[in-house]
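What follows is each chain in one-letter form.
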Amino acid sequence: MSRYASRRLVQALPLLLGISVASFLIINAVPGGPLSAYENAPGVTPLDLQRLEHQLGLDQPLYLRYVTWLTHVVTGDWGYSYATQQPVLAMIGERLPNTLYLMGTVYVVTLLLAIPLGVLTAVRQYTWFDHLFTGLSFAGLSMPTFWLGLLLIIVLGLTLRLFPLGGMATPGADFDPFDRLWHLVLPVATLSLVGIAHYSRYLRASMLETLNQDYIRTARAKGLTYRSAVFRHALRNAALPLVTIAALDLPELFVGALVTEQIFGWPGMGRLFWDSATRSDYPVLMGILAVSSTLIVLANLAADLAYGYMDPRIHYS
Amino acid sequence: MATWTRASTTPEAGLAELGLPGYAGHWRLARDRFLAHRLAVASVAVLLLLVILVLVGPILSPYDPEHTNLNLRYESPSPAHIMGTDSLGRDLLTRIMFGGRVSLTIGVLAMAVAITLGVLMGGLAGFYGGVTDAVLMRFVDMMLSFPRLFLLILFSVFFGGRFLTVVLLLGALSWMGVSRLIRASFLSLRERQFVEAARALGVPGWLIMLRHLLPNAMAPIIVAATLGIATAIIAESTLSFLGLGIQPPTPSWGNMLKDAQTDMVIAPWTAVFPGLAIFVTVVAINFIGDGLRDALDPQHVIRSARR
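If you read the sequences in order, they're chains A and B.
For the first sequence, position 201 (counting from the first letter as 1) is numbered 219 according to my numbering, and the numbering increases by one without interruption.
For the second sequence, position 226 (counting from the first letter as 1) is numbered 590 according to my numbering, and the numbering increases by one without interruption.
Derived by calculation from the structure, the hints in this document are not laboratory data.
Model, not experiment: these values are computed from the prediction.
Among the hints, erroneous ones may be present.
[What the hints assert, rightly or not] Facing chain A, from chain B, some residues (calculated, C-beta under 10 Å): (1) Arg512; (2) Phe514; (3) Leu518; (4) Ser601; (5) Thr602; (6) Gly639; (7) Val646.
C-beta atoms are modelled at their ideal positions from N, C-alpha and C, and glycine is treated no differently.
Bound-form chain A, shown alone (with noise of 0.2 Å):
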């Protein structure tokens, strides 16, 4: 097992110096730079662009600002943020935390409601209750992210006054759990619910395709509770892919941040990434989709890993 990990570990190497060479050379091959806010700059001379151009490196042949970025990178010197002049590392490392907890809170959410829904509309097939959540799951799977939280701001913000309207706390008062989770309300719904829908639904399928497996009519026969046959037995099997899945999600669930970041005033990574976009700031752009890219190869490999761990049928060699 250890060996197997070494070896995905390894294998995942190139995947990511792949990935590291795409998004410079992205980068650096879209028109317009960030010497192109001061081309028309009253006051600013060919010249001084000239200079600014070789101070930040920008006049050297790409694949040695690709090999410069990349060692720099690898000693933690991420580089300096065009616009604010921080160091990008640090930036990151403000942001990251929140897009973080909001993804992290939406992860449990999600999962706290969708493991049950799926095996109660699994269990009571064909009932009122299966139908009505079957039918709200498709629902929730049309229902473009943005939208749904601007409804959500406008009825239960807006208009009933029960929830802030963005900010991860309220502005200026003392660290209050009560009133951080208070903001959380909104953002965690907005973005839990398309992937309620979606585990439910898939756990739904898989269990009603395990219920009818000959293992558990055997624990059945061996007087098993039907309530341990469904919970013991079947769901450990039925919720295993779920496993996958959760990790393929990850980028969708960036995305999704990224939107709601930017509706509720989220101080996160997506906004942040969205801010730099807006004024070319390449050192930051390349270190967020690092970063995110990066997380999004190592939540694939965990879950491979966990899939391995958990389901004793696969052996890997």
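We have chain A; now place chain B onto it with these hints.
Structure of chain B alone, referenced to chain A:
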């Protein structure tokens, strides 16, 4: 004896010669299965209605989608303005119908780009295998490791939100799933005897792919294409919502919602109706995709029947 010596072009034609239910029967069965999916059939009706509304509505509407009238700002829904007016006094229904043309066209075209790329990449990888497969699939892995919207935002910022760029960008960033599907089915199809026979006859590789593999891999392509339209519509509206897709004054469902972000305090209908248009369209397309999957993938039907 004559029937046996003549080489049939496809196994289905061979079956037809022997008087067995062949290709035509397969499609007829699929149609019957689709018609049995009531929600999918209803969705086809809804979608058709929407398309007609979007095509004909703007001609019948007395309003101009870009004509502003500051005396009529934020009119709430009334018989004159069924969905109300926006911050510049423009009729919301007319704008939604015009925006629908934009959003639906982008959805279909972006899907077409994505399917073409996906079939090409997945087909080559699955048919040739080996190094081609390894290289192409590592490329797919890489593309899937980037959050898609991040790349969309980057490229949109730099290339601007013109109609064609939006279509090409959406297509170029959403072919990966299709390519995996096609690769998987080509990998198994290429081992089949009819492919071996075609090879023995000296049929060139590209023709084998086109004539023998692609028709047999049609079912997942059709399903993926249908669902792809829905995904593309959502992606376009997300992009336009962030201010990067279709640029005002041209209405699209997404950029109408961008304005609604500030207007919804005074005029909630500006946020409700464009989103409802997206939602209804996407639900309908998803149901149709579901029905098509049941119809075209009998394996799936057998599985759900067993449940």
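Going through the hints against the structure:
Interface hint status for Arg512/B: upheld, as the beta-carbon distance to the closest one in chain A is roughly 6 Å, under 10 Å. Annotation: Phe514/B was flagged as interfacial toward chain A, and the flag holds, the nearest CB pair being 6 Å apart, inside 10 Å. Hint status for Leu518/B: holds, given a least beta-carbon distance of 6 Å to chain A, under 10 Å. Hint on Ser601/B holds. Least Cβ distance to chain A is approximately 6 Å, under the 10 Å limit.
Contact between Thr602/B and chain A, as hinted, is supported at the beta carbon level, the nearest pair being about 6 Å apart and thus within 10 Å. Because the closest C-beta pair between Gly639/B and chain A is about 3 Å apart, less than 10 Å, the hint holds. Proximity of Val646/B to chain A holds as hinted, the smallest CB-CB distance being about 4 Å (cut-off 10 Å).
Every hint from the earlier list agrees with this structure, and none is contradicted.
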